[in-house]
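Engineer: Letter by letter, the chains look like this.
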Amino acid sequence: MIVQALAFYLFAAVLTAAALMVVIARNPVHSVLFLILAFFNAAGLFVLLGAEFVAMILVIVYVGAVAVLFMFVVMMLDIDFVELRQGFLNYLPAGLLVGFVLVMELILVVGAGSMNAGAPQTAVPAAPPEGMTNTEALGRILYTDYAYLFQVAGLILLAAMIGAIVLTLRAREGVRRQVIADQIARTPALGMELKDVKPGQGI
Amino acid sequence: MVEWNALWEGYGWPLTVIIGQILLVAVGVLVSLAFLLLADRKIWAAVQLRRGPNVVGPFGLLQSFADFFKFALKEIIIPDGANKGVFLLAPLITFVLAFIAWAVIPFADGWVISDINVGILYIFAISSLGVYGIVMGGWASNSKYPFLGSLRSAAQMVSYEVSIGFVMVTVLLCAGSLNLSEIVRAQKNIWFFIPLFPMFVIFLVSALAETNRPPFDLAEAESELVAGYQTEYSSTPFLLFMIGEYLNIVLMCAMTVILFLGGWLPPFDMAPFTYVPEIVWFILKILLVFFFFAMVKAFVPRYRYDQLMRLGWKVFLPFSLVWVVVTAGVLTAFDLAP
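Chains as they are written, first to last, in the numbering used here: chain R, 14 to 216; chain E, 37 to 374.
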């Protein structure tokens, strides 16, 4: 248990520090790198909870795909760091307000359960049944009790994907595209013409 | 004294065992990598009717070690405009990620450092992180060719991960487990490359693309980008990149063996084949797949970038998606699902 507690405090401390650095790092690429570090530590916390499936999915989806695209965009931006800093004081009150509201909401969520002794405690995740991996446990719930909701979520994501493609798609004119089928279908007879040239005459 | 004993037995001894196992695997993998590198160059040379490295040691066997000392003893040059921290972090990340994936690879029945339940997802997660070393290296070099190389590489690896993911889904539909040892045991009757042959091909090609191996080495295409993201690297950082890249290739070979070629299982479950130790089968199969990788490098010309993207998104993705549905359908219809 000591090792687990130590690991928890390590992950939690690094997670918080990394999250802070995301906001205050001067270079946006460094911010993204710290964000990745934060994701990683969150995955570590999930592993400590025994939710290894969620941990791996977090790394695959957020670190392996989303953050790569983030980094892709941020790297290509030509950002003037001085200009970026100038707006800092203007946005500070708004940022502080949002932060304050979030903190109060968090306190309400966490505090509501513990202050009211009679009310049921905030939901504690139930451990999967003995002899069942948590991947299996998740699958059994997701594809039976919540099958329709799961399908609806998939549909919404599909709609979002199609929407994003439609919004960014522009048909450019005058672009020559490679048509693989045409290339494969080409035969020597189609591609060249043999001429019998008499000496001294030319074609 | 009693407390110290309990502490040693509770934490000290297990820790020693784990560190011992890690060292064994790491050193074993590194030393075999030295010879695999040589084998790669020798095969490449033989295809082109050259001799390949043959000066250092008998048949050039010590060439990789000579190269190692050459890299390690040279001066590290950091470009003036480079972002120093990220520049040095990038090869380290590539190197470390290439190593930690080996923690879940079962070399024989029960011979695995960490037999976790989500082994295949772990491998997938680690291999999807490999792109960071390249992207960070390319960006931190502050130079145009590395940057272009890293952009290409990022898009390429993200694209091919999708089809690798679907291939893994079909395999684990057939195996009924995310644990790599269980996946190998599920192939006791028939190796998965026979029923899932199209996915086997897709996995091999995607593995080439995922590891930036020719014919998909566009991230370091020397005729276009000098050496891609490695251009500004020298000495030990370059060596780390190089080792990381080759370790990833060997890891992909091992994954092919585990997912499709029956891992440590002998080809026939009969007397002469079962005398050979399991780990020998595993290594032989890895060598076979590595030979395939080396031959592909030797005689397939480099893809053009738009063709690479077309292959990934328009051919492999729809095909593997359909195959997932077909596999799931067949397994359910004939009640074969484990």
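Simulated from the structure, these hints should not be mistaken for lab results.
Note that beta-carbon positions come from the ideal geometry of N, C-alpha and C, so glycine has one too.
You may find that some hints are simply not true.
Claimed, not checked - Derived DEER-like restraints, expressed as beta-carbon distance ranges: (1) E/226 / R/168: 47 to 55 Å; (2) R/183 / E/178: 40 to 48 Å; (3) R/194 / E/102: 32 to 40 Å; (4) R/203 / E/307: 56 to 64 Å; (5) R/82 / E/47: 51 to 59 Å; (6) R/174 / E/55: 42 to 50 Å; (7) R/187 / E/178: 53 to 61 Å; (8) R/32 / E/349: 33 to 41 Å; (9) E/345 / R/36: 52 to 60 Å.
What the hints assert, rightly or not - Dumping the calculated SDA-like pairs for lysine to any residue here, alpha-carbon to alpha-carbon at most 25 Å: (10) E/350 / R/35; (11) E/350 / R/79; (12) E/120 / E/50; (13) E/120 / R/196; (14) E/120 / R/179; (15) E/120 / R/198; (16) E/120 / R/74; (17) E/180 / R/28; (18) E/350 / R/42; (19) E/350 / R/74; (20) E/120 / R/180; (21) E/350 / R/167; (22) E/333 / E/224; (23) E/350 / R/179; (24) E/180 / R/78; (25) E/350 / R/31; (26) E/350 / R/187; (27) E/350 / R/198; (28) E/120 / R/210; (29) E/120 / R/39; (30) E/120 / R/35; (31) E/350 / R/82; (32) E/180 / R/42; (33) E/224 / E/208; (34) E/120 / R/27; (35) E/120 / R/47; (36) E/350 / R/41; (37) E/224 / R/146.
To be verified - Derived contacts from chain R toward chain E, CB cut-off under 7 Å, selection only: (38) 62; (39) 73; (40) 77.
Engineer: Next item in the hint list is residue 73 of chain R. Is there a CB on chain E closer than 7 Å to its CB?
Structural biologist: holds (5 Å)
Engineer: Keeping to a limit of 25 Å between CA atoms, is the pair of residue 350 of chain E and residue 179 of chain R held or broken?
Structural biologist: holds (17 Å)
Engineer: Mind checking the alpha carbons of residue 180 of chain E and residue 28 of chain R for me, to see if they're no more than 25 Å apart?
Structural biologist: Not OK: residue 180 of chain E and residue 28 of chain R at ~33 Å, beyond 25 Å, violated.
Engineer: Is residue 120 of chain E close enough to residue 35 of chain R, meaning Cα to Cα at most 25 Å?
Structural biologist: Holds, at roughly 19 Å.
Engineer: Between residue 194 of chain R and residue 102 of chain E, does the C-beta distance stay in 32 to 40 Å?
Structural biologist: violated (50 Å)
Engineer: Assess, step by step, whether the Cα of residue 350 of chain E is no farther than 25 Å from the Cα of residue 187 of chain R, and give holds or violated.
Structural biologist: With a Cα-Cα distance of about 22 Å, the restraint between residue 350 of chain E and residue 187 of chain R holds, given a limit of 25 Å.
Engineer: Lying within 53 to 61 Å: is that true of the beta-carbon distance residue 187 of chain R to residue 178 of chain E?
Structural biologist: violated (36 Å)
Engineer: If you draw a straight line from the CA of residue 350 of chain E to the CA of residue 35 of chain R, is it 25 Å or shorter?
Structural biologist: Roughly 36 Å between the alpha carbons, so the hint for residue 350 of chain E and residue 35 of chain R is violated.
Engineer: Within a Cα-Cα threshold of 25 Å, do residue 350 of chain E and residue 31 of chain R meet the stated pairing?
Structural biologist: violated (38 Å)
Engineer: Taking 25 Å as the top limit, are the C-alpha atoms of residue 224 of chain E and residue 146 of chain R close enough?
Structural biologist: holds (22 Å)
Engineer: Measure nothing beyond the straight line between the CA atoms of residue 350 of chain E and residue 198 of chain R; if it is 25 Å or shorter, mark the hint as holding.
Structural biologist: holds (19 Å)
Engineer: Residue 350 of chain E and residue 41 of chain R: Cα distance at most 25 Å?
Structural biologist: Outside the cut-off at roughly 33 Å; violated.
Violated hints for the displayed structure, listed by number in ascending order: 1, 2, 3, 5, 7, 9, 10, 12, 13, 14, 15, 16, 17, 18, 20, 22, 25, 28, 36 and 38.
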